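S.K.: Build out the structure end to end from the sequences listed, making use of the hints.
In case it helps, numbering that gives the first Met the number 0 puts the sequence shown at residues 0 to 213.
FYI, nobody ran anything at the bench for these hints, they're computed from the structure. Accuracy of the hints is not assured; some may be wrong.
Stated by the list, open to error - Derived pair list, reagent style DSS-like, types lysine-lysine, alpha-carbon separation capped at 30 Å:
#, residue 1, residue 2
1, Lys70, Lys56
2, Lys70, Lys57
3, Lys129, Lys175
4, Lys179, Lys158
5, Lys118, Lys70
6, Lys179, Lys125
7, Lys57, Lys158
Keep in mind it's a predicted model, so treat the numbers as computed, not measured.
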Amino acid sequence: MGRDMTEKLTFPDGFLWGGATAANQCEGAYDADGRGLANVDVVPIGEDRLAIITGKKKMFDFEEGYFYPAKEAIDMYHRFKEDIALFGEMGFKTYRLSIAWSRIFPKGDELEPNEAGLKFYEDLFKECHKYGIEPLVTITHFDCPMYLIEQYGGWRSRKMLECYERLCRTLFTRYKGLVKYWLTFNEINMILHAPFMGAGLCFEEGENEEQVKY
Numbered sequence: 000m001g002r003d004m005t006e007k008l009t010f011p012d013g014f015l016w017g018g019a020t021a022a023n024q025c026e027g028a029y030d031a032d033g034r035g036l037a038n039v040d041v042v043p044i045g046e047d048r049l050a051i052i053t054g055k056k057k058m059f060d061f062e063e064g065y066f067y068p069a070k071e072a073i074d075m076y077h078r079f080k081e082d083i084a085l086f087g088e089m090g091f092k093t094y095r096l097s098i099a100w101s102r103i104f105p106k107g108d109e110l111e112p113n114e115a116g117l118k119f120y121e122d123l124f125k126e127c128h129k130y131g132i133e134p135l136v137t138i139t140h141f142d143c144p145m146y147l148i149e150q151y152g153g154w155r156s157r158k159m160l161e162c163y164e165r166l167c168r169t170l171f172t173r174y175k176g177l178v179k180y181w182l183t184f185n186e187i188n189m190i191l192h193a194p195f196m197g198a199g200l201c202f203e204e205g206e207n208e209e210q211v212k213y
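M.R.: And the structure:
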């Protein structure tokens, strides 16, 4: 039997209302304070965008004649206090955001993290709590250090498991007490639909793309 549509619907106490961003959509500051280059940084606007995000055209660095929106974005890296104050004014109870992997490990396979990157997110999480906003953190949202792509082929290599585990352990240790809720990957199915953006995958001519994806 269907629900009576005249019945009043309510949300449970403690329901977290809020908003969401991804690091590559808003932070900008692509080379600030030791951050390394990431796949999303080199995805341009324009006619080549689809070929690049699907791994059919390689673009591993900035090239003349292209506009790369993630390089500057809305500069939240330098303006996060203003932004979070606005979230508080809007009544946010949670803020879903993501970590820029290459801020924490610029190349991706270092043994020690970049302290400046860790401090940025620590300050950001503390600012959220100042306004009663619970951080909900995605560890990877279309974000892979370019060094890992060039050196290991992105997520086609099992080396990535080691690097990702180190990233996770670093985050969980540093932000214990500041972050309750973690998500591993945003839209993991994007490995199938946008392999370069979703997993740092690029394909060689004649390669079995489906085999690489799976």
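S.K.: Each of the hints needs a verdict: does it hold here or not?
M.R.: Status of each hint after checking the structure:
no., hint, result
1, Lys70 <-> Lys56, "holds, 20 Å"
2, Lys70 <-> Lys57, "holds, 18 Å"
3, Lys129 <-> Lys175, "holds, 17 Å"
4, Lys179 <-> Lys158, "holds, 28 Å"
5, Lys118 <-> Lys70, "holds, 20 Å"
6, Lys179 <-> Lys125, "holds, 13 Å"
7, Lys57 <-> Lys158, "holds, 21 Å"
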